[in-house]
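For the record, the sequence lines run as chains A and B.
If you read the first sequence in my numbering, its first letter stands for residue 1, the second for the next number, and so on.
If you read the second sequence in my numbering, its first letter stands for residue 1001, the second for the next number, and so on.
Simulated from the structure, these hints should not be mistaken for lab results.
Among the clues, some could well be false.
[To be verified] Below 30 Å or equal to it, Euclidean Cα-Cα: the simulated DSBU-like pairs (lysine-lysine) are: (1) B:Lys1251 to B:Lys1223; (2) A:Lys236 to B:Lys1018; (3) B:Lys1314 to B:Lys1327; (4) A:Lys275 to B:Lys1142; (5) B:Lys1142 to A:Lys280; (6) A:Lys235 to B:Lys1018; (7) B:Lys1065 to A:Lys236; (8) B:Lys1065 to A:Lys235; (9) A:Lys271 to B:Lys1142.
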Amino acid sequence: MIPTRWISLLVLLAGLFLADISLGSVDIPLRDVIAILFGQPAQEPIWTNIILDFRLTKAITCVLAGAALSISGLLMQTLFRNPLAGPDVLGLSSGASLAVSLVYMGYSLGFALFSISNSWAVALAASVGSTAIFLIVLAISSRVKNNASLLIVGLMIGAGTSSVVSVLQFLSSAEDLQTYMIWTFGSLGSLSWPEIQVLAGILLVGATVAFSSIKSLNAWLLGTNYAQGLGINIKKARLVIIIATSILTGGVTAFCGPIAFVGLAVPHLIKLLFKTQNHKVLVPTVMVGGAILLLFCDILTQLPGSGQVLPINAMTALIGAPVVIWVILRTRMT
Amino acid sequence: MISRHTDNALMPELMATKNLTVGYGRQILFENLNLTLRAGELVCFMGPNGAGKSTLIRTIGGLHKPLSGASYLSHKLSGGMERNVALVLTDPVRDINMTAAEIVAFGRYPYLGWDVRLQDEDQQLVDDALAQVHISDLAGRKLHELSDGQLQMVMIAKALAQDTPLIILDEPTAHLDLNNRVEIMRLLHRLAREMRKAILIATHELDLALQTADVIWLTGTKKNIIIGIPEDLVLDGSFDETFAFKGFDLKTGRVQHEKYQPTSIILSGEGYYYLWTKNALERNGYAVSAEGTGFRVSLSPDRIKMQWGTEDGKSFTTLSSLLAHLKTV
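Okay, chain A solo, but in the shape it has when bound:
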């Protein structure tokens, strides 16, 4: 059973990857798309440029960002033992947004957080921002035992950071404001090859940590006391998971903007498909699932017409929001 599901998942990934590259404002026949990918010349030389420099970077970004966000969501759901935990729900994305807004709009306020607002500065700021919020949420979560309360805390942290961002927006110049606003819509197509390498590096670190934490993550399902009784070093495991989650969320948020719902929804969809809680299965499948979902959403953003491309965040929310409602209906919210 599981191998068949694995294969269908990978076939789906390959198919969507190809579809994502094939679709766009310029019609390029599938035959040429494949030829270009294998280094062959195409009928029109400009097509090679379009595919390699625009569509391929975007599709790879989808794969990397989708996988990173989904692992991050899985880690958080296990760490908090809460099915509704996720990088956006608990305010991590808001934290990253606040930090990034400080980088983009800091000039207008008369201070510069970094001398140059390049992608590295943005990535670092976003990681620091999401880590800070994660630590706050973690500190609060040890005092509230109740799932719903923790989510409300996350929402409130989100509201708090948004209001600070609003103040920054009010005070900043129109130009800086626009850069920031476009960033918040989420963008998968604007990454250069070096930036993709950074994102791939972040995913590699996060995935390595997730794979090496499989034992702790599984034991965590029994609760920290049982996990400790089975020889898991709770403090170390928690710290490692927090760092991995923050880097993954921060990195993706920095390069692609605050992409909502992917981290929350994918682990549930995968658990529905594979019917297991074993992280040995979940970690790799959730990565593939996240890539699939983000590719699918990206394809949807291009479908409505040929010219306009919708913001990616509109699509992920459209798919993610029903998943949240479904989870609430399915689990006892206590």
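Chain A is already provided as a structure; the job is to place chain B on it using the hints.
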């Protein structure tokens, strides 16, 4: 600390505490404890709710740091706590979407690498553990499909799969019905005897503990623990002091009733019919004695069923009709 001789003193010691002081922050729950757990011995740790039983048990189990002193594994044991002490806690596990066998397999975690791959030997131990607690047929069931009693059996099987010389359980029979409570205590007693495990159970189930424990640890009134075999502690009044029973006589094992009926009953007869008749009369406020003055009731076994005769010449076939008649006397 009061120490009494226990007849298992020759069993090998697996764990001991030395001047162990337990509590939270400045709040000391127990002070300077010197306790031992021995192979093959079932210890019931008893005390009223809120006495700190869970805290002490978790400290001994390595989940809490002691305020001072320490607990030691015997030097004959190798490996860390996780390979020597298996825990069964009160933490909720029901919502985990896993099968009973998957939960029991957690017991093998101390022996597995990062990829948690079960070897044949591990799988065999999981199967054996399920068989030991007679739930092999539940192996493939999801936790939410199990009853509370079955779920507790799964957690005990997890502890067995951990293959440790010591097992520590926190209130394993809480929230279970009488049948399940008896089954679990008998099972633990058997595991101690047959597998030579040292088993420590925190419980406030007085009746079951008194009948199954080899040794009782009783929370004392001075942050101490009183140790002894159950019968000694009952007869010397230690239990009465700790639990401060209200209307329960531990030495007879019965609830004390107010005698509010004007007539006393002189009851003659024997066997369990006698006991249950006495029970019914006392519950209804009659003073019951074997001789003296009062209204006479006698048990007269018929060939088919029991009859109750009274001194005014009536006879009854049920206790309820007897009681109804007594009210008119």
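Each hint, compared with the structure:
1. Proximity of Lys1251 of chain B to Lys1223 of chain B is assessed by CA-CA distance (about 25 Å); at most 30 Å being required, the pair is judged to hold.
2. Between Lys236 of chain A and Lys1018 of chain B, the direct Cα distance comes to roughly 29 Å. Compliance with the 30 Å bound is thereby established for this hinted pair.
3. A threshold of 30 Å between alpha carbons decides the hint, and for Lys1314 of chain B with Lys1327 of chain B the separation of about 14 Å falls inside it, so the pair holds.
4. Our distance criterion of 30 Å between C-alpha atoms is met by Lys275 of chain A and Lys1142 of chain B, whose separation comes to about 11 Å.
5. For the hint pairing Lys1142 of chain B with Lys280 of chain A, the CA-to-CA distance comes to about 19 Å; that is within 30 Å, so the pair holds.
6. Distance hint between Lys235 of chain A and Lys1018 of chain B is fulfilled; the C-alpha atoms sit about 27 Å from each other, no more than 30 Å.
7. This hinted pair checks out: Lys1065 of chain B and Lys236 of chain A have alpha carbons roughly 17 Å apart, not beyond 30 Å.
8. Proposed proximity of Lys1065 of chain B and Lys235 of chain A is supported: the alpha carbons are some 14 Å apart, at most 30 Å.
9. Under the criterion of a C-alpha separation no larger than 30 Å, the hint pairing Lys271 of chain A with Lys1142 of chain B is consistent with the structure, at around 15 Å.
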